[in-house]
Amino acid sequence: MILIQIALNALALGAAYALVAIGFVLVLNATTAVNFAHGEGVVAGGFAAVALAVILPPGIGIPGFLLLPGVLVATAILGLLIGALAYLPIRNRPPVTVFVTTIAVGIIIANGLNATFGAAPRTAPPLIGVGSIEFLGASISRQSLAIIAIAGALITGLALLLQRTQLGRQFRACAQDPEMARALGIRLTRITMISFALGTAFAGAAGLLLAHQFFISPSDGGILILKAYIAVVIGGWGSLRGATAGAMLIAIFEVGVATLWSQPLAEGLLYVAVLLVLFVRPQGMFGEPQQVRA
Amino acid sequence: MGVAALELHGLSVTHGGVTALHDVSLAATAGEITVLLGANGAGKSSLFRAIMGLATSLGGVLLDGHDISRRATEDRVRAGLAWVPEGRRVFPGLTVAENLLVSSRAGHHARTQKLGEVFALFPQLAARPADRAWQLSGGQQQMLAIGRAMMADPRVYLLDEPSLGLAPAIADTLAGALRKLTSGGAAVLIGEQNAGFAEPLADRTILLRNGRLVATTADPAGDQGQLT
Amino acid sequence: MNLRTTLALIGGGALLVYALFFASSYDQRILTLSGIYVILVLGYQFIFGHAGALSLAQGAFFGIGAYTTGILGSQYGTGFLITFPLSIAVAAALAALVSLPVLRLKTHYFALATLALSQLLLLIAVNWEAVTGGANGLPGVPPITIFGATLTRGLPLLLFVWAIVGIAILLAHWQLRGGRIAAFTIMRETPLAAPAFGIDPGLLRLRAFLLSAAFGGAAGALFVHTNRVVSPETLGFGVMITCLTMTVVGGRFGLLGAVIGALLLTHLPEWFRGLDEYYLVAVGVLLLAAVVFAPNGIVALVLPDHPQPKRSPVRATRLTATPALVQNTGVDARGLEKSYGGVRALDGVDLSFGPGDIVGVIGPNGAGKTTLANALTGLTPLDRGRVTFNGRDITSAPPHAIARAGLTRTFQTPQLPDALTVRQVIETAQIANGQAPDADDALNRLGLNAEAETACGTLPHGLRRRVEMCRAIAIHPAVLVLDEPAAGLSPEEQAGIGDICKTLAASGMGILLIDHNIDFLAPRATRLICMEAGRIIADGPPTQTLSNPAVRRAYFGVIA
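Chains as they are written, first to last, in the working numbering: chain D, 1 to 294; chain C, 295 to 522; chain P, 523 to 1082.
These are computed hints drawn from the structure, not numbers from a lab.
As the structure is a prediction and not an experimental result, all values here were calculated from the model.
Any given hint could be a false lead.
Here chain D is said to cover these stretches of chain P; the calculated rule only asks that three of the stretch's residues, wherever they fall, bring their Cβ under 8 Å from a Cβ of chain D [claimed, not checked]:
hint, region
1, 624 to 635
2, 638 to 650
3, 952 to 959
The C-beta atom is built at its ideal place from N, Cα and C for all residues, glycine as well.
With the hints as constraints, model all of the structure from the sequences given.
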């Protein structure tokens, strides 16, 4: 059944997109500004996977998911670098400045990767091997199942971190009222840098998950950040749940329209859709959650 | 005279071209409640924000004799200041328990213990630990804000108009809780425009008017005319 | 002639000599591209610099201008005299089409909308092969031919492009004259107060957006005449990045910045040739460094701007003949209601006052005083109720229109842009209200003659309050709403403001005075109103209101 096939494929793609969107929102809530280098975080994750896979002995068929810890660490460090270069020097300036500095850092990363790896698309090893499984008359690849599982595990882990730990509470407090958080002794800058690390790590994980099926090249960052941006606008600016929902919607839309018609049409309709959303509801689809501004 | 836990020397605040505070000097004694009485616009909030480091100011702020006037807000708080701002500013999306826990800098065990102490003082909060803060009434939010300040065992409490918008009965309950804050030896500085609420609590009353101190006295009765 | 103009002329002369005698044909091509980018950046300065909006569509306007000329030129042989204006028109039309919904978006949505628009156009260009030639584009774009004369590559094309640059500079200058730069500054730095000045922010932003599009389209058209081919590259994000970098590095404002930025970044590939594929990394580093260390651009860094203010001849203090205030029936507000969330800020407020009145408004925090001021001046839309001013219903009028009609206000914190002088602030308000800029009268009244040429950012406390009052009265309003004018002032300064209020009321102005300070209000007000919880609980002569028991309870707490 083609509908089930679309749904399954969309679920896998949506899971990966959700990681990107969630990472985007983490940094957004910390800086109240868009991190334009976020897409490069995904690309960096994909290339980290490519690089690490080369290091591992070939011929044994290492399942790609073993690369996850390495990818997470590498992109978390990248996130700290992005924060240090694009946020720390200008943190007392109006938030719009972060838009421009992250554009600059994004250029540096994208072209750095280009110079190091070349412009050709690369692929990462499959996560748990090739092949597919029959399900309700449709076939779902092992890769897709692995993507869903890994994304699900990471998102669950983040939810636990945010809900059950002191660090998570500090994150949420800083997002809701940064000045009051400082007035309770919370080190706002530290929390922001951790957000950069965590957010970029999530992007990197998405890169690992997407790189096998969709290939990865240094110039992919732009389209990825655009999708995350759209997901967050649709789902509700600053909301993690909204970002996940928005990511899923984009994936369903993309897979659905692409399967039934064409890829360019899917992309074009997505842009038209987001423009319509913004025209009709300039405050965003679900408005913005309460935040006390300092 | 006990130990001065908080001292201000010539504190001045200018904001947006307006001098909100002129050369204010005062001391808050440990174990005592000092009330800063002043109408709207007198400069109470500016004073608290200056002590907290949230407003650019001139002059000295000493906490237990240490000069904290050049420290960042977070560091002043870690040194022992606690601020309960006007309007409470509880974290709306966090639960009652989470609001309290996030304000503690201690480890898990000490944190939980302190949580119990706050709940013992405020049974209304203990009854609904999992409710989101935005769901609470004004009085409950005020209790939560005070409880938050308590979690870090501060040396000095700064309370900005705690009775604002509260019904008299609730204000009474609050006053009872405020009296207990000094039991650990902390100094309490309360800024209020409602003399009826604040003066029974005060060990000392200071008047603030148009950004300047008017009189320092332990006898509130003689100053009634000043505010009109 | 100041330093900047002198250096600009010297530099321009040097550049001309270089182009004519020393440049190879390759160098000439680079210089031609520089000129094209100057036009692009000049346009971008309107929206990104002056209007302060992060538009990511500048590349899209460039591209659509490019494709208009490219398609018509290569497929239909249409001449330059038609394609060039058409490219500009199509770009401007696109901007006009999206402007209404897009311009009112906040920064993070505006950036996304402009980005999505750009991507959409790129997608169309790549996929609509029949018209655009798809990913390969269309070759064979003809050179510029005017009245039979063909501009060949090299010097003729170079000089022509820079002639257009000259026209563009003159055009930009023309669009920014007459206090418009100051109006943009006020819109950017004190957005709250801009309508009170009489400035229509929506119109200003639209003007900036349309200009940015028109300049972008022109640049795109010239670009494809230079390259003789149009491809999706003209719509790619690369152009946008280049434009952004040039603007940030050269300077967000100022024609010299646009030129320097464009020249610098078109020559960088040559100078960084040794870096090979790391060249673009260097561009990113340059952009980051510029934002962090030279946020106003290198021109501002190297040649700090010390504008020579016009020194007006010192005039003797003349007794100002107050313009006879047209018979104004004043303000009549009925049944005003406004809720925020669950809070009733205004709960059925009726208020009437007019020329000669000084109405004081007191009340505890949260009583609704500022909401009332906002409602009367159009800053806050009402849930219910009607506001009539001089017989005209202004309930849903935009705030700048209300100001222009003669009802203006001051703010709790004086809203003055740091960089403008006192005189500039006054004159901008007057220009925005369609009046001749003549600040001396108003400056006299408020005793600000000595500070006329001082930048607002350096003024001490009490003077800022006075400047804002001066701005408000300079447009000869019939009604003035003052929000805490005495806050933080010394007793002498308060007396000064109080006297000014009395004089203004005596000359026919109606004044609504919101303040906490009874000592300030009581002697000056002809009427005193007390608000509590969104309602007016007392309205009468000051002594009567102050002795009202409900007022004493609400305002003074439990003291009396």
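Hint by hint, here is what the structure shows:
Counting residues of the region 624 to 635 of chain P whose C-beta lies closer than 8 Å to any C-beta of chain D gives 10; at least three are required, and the coverage claim holds. Closer than 8 Å: that is the beta-carbon criterion, and the region 638 to 650 of chain P has 8 residues meeting it against chain D, so the requirement of 3 holds. Restraint check on the region 952 to 959 of chain P versus chain D: 0 residues with Cβ-Cβ distances below 8 Å, three needed, restraint violated.
When the structure is compared with the earlier hints, a violation turns up for hint 3 alone.
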